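Q: Residue strings, one per chain:
Number of protein chains: 4
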Amino acid sequence: MAGNTFGKLLKLTTFGESHGEALGGIIDGFPAGITIDFEAINNDLRRRKPGQSSIVTQRKEEDEVQFLSGIFEGKSTGTPIGFLIANTNHKSGDYSEIKKTYRPSHADYVYEQKYGIRDYRGGGRSSARETVSRVVAGALAKQIVPNIKFTAFVSAVGEISLDKKYQDLDFSIIEDNVVRCPDSEKAKQMEQFIKAVKKSGDTIGGIITCVIQNVPIGLGEPVFDKLHADLGKAMLSINAVKGFEFGGGFESARMRGSEHNDLFNEDGTTKTNFSGGIQGGISNGMDIYFNVAFKPVATLLQKQDVLTNQGEIIELQGKGRHDPCVVPRAVPIVEAMAALVIADSFMLNKIFK
Amino acid sequence: MAGNTFGKLLKLTTFGESHGEALGGIIDGFPAGITIDFEAINNDLRRRKPGQSSIVTQRKEEDEVQFLSGIFEGKSTGTPIGFLIANTNHKSGDYSEIKKTYRPSHADYVYEQKYGIRDYRGGGRSSARETVSRVVAGALAKQIVPNIKFTAFVSAVGEISLDKKYQDLDFSIIEDNVVRCPDSEKAKQMEQFIKAVKKSGDTIGGIITCVIQNVPIGLGEPVFDKLHADLGKAMLSINAVKGFEFGGGFESARMRGSEHNDLFNEDGTTKTNFSGGIQGGISNGMDIYFNVAFKPVATLLQKQDVLTNQGEIIELQGKGRHDPCVVPRAVPIVEAMAALVIADSFMLNKIFK
Amino acid sequence: MAGNTFGKLLKLTTFGESHGEALGGIIDGFPAGITIDFEAINNDLRRRKPGQSSIVTQRKEEDEVQFLSGIFEGKSTGTPIGFLIANTNHKSGDYSEIKKTYRPSHADYVYEQKYGIRDYRGGGRSSARETVSRVVAGALAKQIVPNIKFTAFVSAVGEISLDKKYQDLDFSIIEDNVVRCPDSEKAKQMEQFIKAVKKSGDTIGGIITCVIQNVPIGLGEPVFDKLHADLGKAMLSINAVKGFEFGGGFESARMRGSEHNDLFNEDGTTKTNFSGGIQGGISNGMDIYFNVAFKPVATLLQKQDVLTNQGEIIELQGKGRHDPCVVPRAVPIVEAMAALVIADSFMLNKIFK
Amino acid sequence: MAGNTFGKLLKLTTFGESHGEALGGIIDGFPAGITIDFEAINNDLRRRKPGQSSIVTQRKEEDEVQFLSGIFEGKSTGTPIGFLIANTNHKSGDYSEIKKTYRPSHADYVYEQKYGIRDYRGGGRSSARETVSRVVAGALAKQIVPNIKFTAFVSAVGEISLDKKYQDLDFSIIEDNVVRCPDSEKAKQMEQFIKAVKKSGDTIGGIITCVIQNVPIGLGEPVFDKLHADLGKAMLSINAVKGFEFGGGFESARMRGSEHNDLFNEDGTTKTNFSGGIQGGISNGMDIYFNVAFKPVATLLQKQDVLTNQGEIIELQGKGRHDPCVVPRAVPIVEAMAALVIADSFMLNKIFK
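Protein chains in written order, with numbering that gives the first Met the number 0: chain C, 0 to 352; chain R, 0 to 352; chain D, 0 to 352; chain G, 0 to 352.
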């Protein structure tokens, strides 16, 4: 396997399987002399944690991060930050069934084909539990660029979606509801809907919108590493993500240039922002905003046909504690990946300007 | 500037400005011993070339590629392939106006802010002319994986979009119409629409769909470098792209798990393919398919407000030879970037299995 | 800080300070399906460990490695291997003196200048304790290429050096003496000499020779990543290393082409091996051999002038448990770095041939 | 083939075979706004050029560099600098002999084994002609750090070597003699010796010393990417190099700590400089100096046994225009590689401090 490192100058490398000893990572390139806000890190971990509310999985994972290096007397020293999150909740369960079967729309089958071996316990490396390391790193990345504000929220669950623009929403209420939606009416509908879906043993997809404010002009490298290309890759690397659009997004494809062009004000800001804060791959100082589409969770609490390693189709009853809808818990993950990209671009931009 | 290299093992590094001496690149990591099909490369260049039809820009660019190394007696030697495309069409025009102004939704302003200097002639490095090097490299990448079939086509222009699934389309007619749409009725409508838009001095967005067939199981690295994350980054790095979705895409966000899960057949193939040929970041042998949204071209043949480097807003009349709609010419670019990602993954997969 | 990752496909990223919680690393790119020989890893750790004999430091470090991921039921799964070595021996000592002073020929001063902050306890990240992670990774790397034999040994301590060619030495006795020298007479002299140097509160430099046997033809990339350039960088990245030469080495500079050229046998082997097993950056199947020069340890058990952070020179009495000569314990480190380079090249060579 | 890119932020990628169309490269990461001194580039090319004097090869290569991008109105724009050097001198010679034979101590045999194919004309990619691109890039790199002074010179040819320390030499006379040695007496001896060696159809090795002055404190990354490890790799990547040592070098291995430690002055400089300007991988502001050993050129103007691709040993008479001693022409190459490493470290250091 390759590709367990993310970033150019601010580099996060992660390890860990769902039911192994621990998950964790190393952040190389973190600048020296930053006073670490541990509470902010713990807060983002709490937001990602299972068992927060009735609409997310009831698994108990402590998700306590332990820092092993790179921080001395409360400050970053510039050396790599090693950290781990112990897997305290892995039971020595009965894996005889899962060991021999490939669940639909999971990575079981392709892992076995690609590696000839897999840690089948709880999905192994393909488990979304892997994102806990991203949240730790993202929470640290935010501290490199304290003036930049990252706000992600749920903008759609199934057919229920926000009908307001992000500018008209009250971000301060996002954490007040279990869905993490900045429209309390919609939040209630979404919550009810997720509960109903859960009751039927089914799952549902959703969309997260992320807004990045107060971004300096000049972040991003204008050819292959366009700022939105790096953001897109970051989002598409999150489990269950199926699509990414920024600024006008897919709607831009239906528009004319005369509508879509963002006319300048005299100070270099623009009157509209279909560009989504990025021109030619470079941040232009306007808000960056994008949408990330998540598919419904593949693990159902229903009977489902699965493939065995003997090439047979058998019926298997899904069980366990799983999320009926992934988006509420994915909000801090989207922010974390956005922060990693922006902090990295910020550091790179110090050189080439 | 950083980020002029794309790929992990098959690495394309490009250079060149719109009106400089030449554009070109170096492909490192191209395997030895492949008999190069030069006609295939020229064909892809022809498809990207300006002046092919009445709905694309009438600029004349020869776009003849010259190979400088890495090929000996018709075969690749394994050494880096250096190539260039001379800029034969750059006129010593009058740049006094463009030099001082920043066009809306172009990269003029951010380049100047980021670098303090820019080659203002024809957009410099931010010009889509840069993609000519990608097409050369992509055409070579296809030859590394000759059994894999890359097919991109226009699936929407403004509000006009295909209503058939890709499986029901006749790919053999894509190159028979100037729009590159595999539905001749829709192609005609699109062509008429683009002509009308052009006549009004305006531009229009569109969507390209790409289908990759006959992909072996196992391509892609399952954490940060998921196959679809790399494809997404590749597409988002193309000029004017605003969104990327694969498989079920944004529609997946509205679906339930019981609908969206792709049940297995006994041979490991799946009955449906909402996954878009990729599970957990790894190809599963089914068709890979994705959509790429392009915004309308920012250069209008109308009067438009622009910003000057003195901080004034003035009116400027757009002129020159520009595409009213970028998607017909972007079809080979989408294929090229897809081929670069797939060939790279293919090579990487030789090791880690 | 950057540069805590080593390798192209087999990537080792390390973290950890001398007196922090733990040291450790992540190995990304380790192939799947290899049955891990844990005893071999522990053996290499034992060889590097302090307190093995009277001529090395008497510090007690347990150096027990804990694997956190990537290994399942005794086999590698292809996922990243996370590991750590807890720092069990760090005493809450009195650091008030060292905190304010910069020791000569240590990294204290440059760390403070570069980062504005340093973990002064035991040298922090600049401590050779960092190499423990390299030994773990190197021991794993050897298991990727089990047919290739890595043998490092001490060939000089101060003025005492081997006068035989490596072909005339008995590698089987290397571990029989505390110096790790394959000539028992010389080993005794070296041991006596080190003891005498130690008694005087001084330290002494030395040379390690490494021989790599049974290397397949074709490893190495012939331009910037020549096999010997990668080996050289690997060796020069080890603490206290001042020089690297391979094959004829510095002696080649005094030779004529007619002496130095390695004439072929009919089977492609060569009659002589001044090339050191590498031609044009590519292994040619002959033994690879090289020398690595280590400076004397900078920490003396004598009084020495040091610089304070107030810009004063004061006298400081060196104390503690330190190596009088680093080469006996560095033998497994040299092997480890050699194994990382060779295994990485071996993997890369699978693709480009 | 991989590894045709050198550098982390300042990245040089090269292409080109000895007798192909052209050699050249792309420099990505070159900062914007630098007024390019073309004369300085041409001067370094002239120093590397064949045919400068009677002791170097009499081949005529124009070595004129053509810049294709990245420079506008005399200044760098920040975009990648593409450049090429046409191969004007390649004759359509008779290659029937060389095609079938592998010369001793050349890369012919290993290329054929590794790639299954090779451009046999003049050594192809393994020719030292490849270094022409390095000289162009190095001359540009020097302009990023104009205050840092790079001085390389010949310090030994065969048994004739300088007996003075570099501090006692007059660098201003280096270019006054054909050997590029800053001791006119020794220079004469060396010149006579090279002529005698040449007359006998033989070749001779040598050593180049490089001194880098006025380096700021803090360059280099202290673990795997120690400044001297990167310099070492850079030097070892030059054709014919067999060894690298910096500061005390191999001599350090014979010294005691009490002799070798560099005691501080109150201003942070040191009284001695056995460290060679680098502590713990980080520049300390003192002069950086190192030696690079070159083997004798493998091409002799004598009869020599060669291997054929039929597995036979036959006698071949060496002919053509070749250097009897490579070091005089390698002086600007050593400087170029040093400048690439230092400028790269300089840029990286802007971020992590």
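Hints in this document: simulated from the structure, not taken from any laboratory.
Treat the hints with care, since some could be wrong.
When chains are identical, the list treats them as one kind, so a pair holds in a single copy or across two.
Listed below are the simulated SDA-like cross-link pairs for lysine to any residue, each with C-alpha atoms no more than 20 Å apart in a straight line [what the hints assert, rightly or not]: (1) Lys163 - Ile313; (2) Lys98 - Ser53; (3) Lys194 - Glu258; (4) Lys349 - Gly217; (5) Lys98 - Ala31; (6) Lys270 - Lys302; (7) Lys98 - Gln112; (8) Lys74 - Glu250; (9) Lys99 - Asp36; (10) Lys198 - Phe66; (11) Lys98 - Gly73; (12) Lys148 - Gln301; (13) Lys163 - Gly319; (14) Lys59 - Pro30; (15) Lys318 - Ile33; (16) Lys74 - Arg58; (17) Lys164 - Met254; (18) Lys198 - Asn290; (19) Lys99 - Glu190; (20) Lys74 - Asp266; (21) Lys48 - Gln309; (22) Lys187 - His105; (23) Lys302 - Glu61; (24) Lys197 - Asn264; (25) Lys48 - Lys302; (26) Lys163 - Val210; (27) Lys74 - Glu258; (28) Lys98 - Phe71; (29) Lys302 - Ser257.
Everything numeric in this text was worked out from a predicted model, so none of it was measured.
Q: Of the numbered hints stated earlier in the document, which are not met by this structure?
A: Numbers 1, 2, 8, 9, 10, 12, 13, 14, 15, 16, 18, 19, 20, 21, 22, 23, 24, 25, 27 - these are the hints that the structure violates, sorted from lowest upward.
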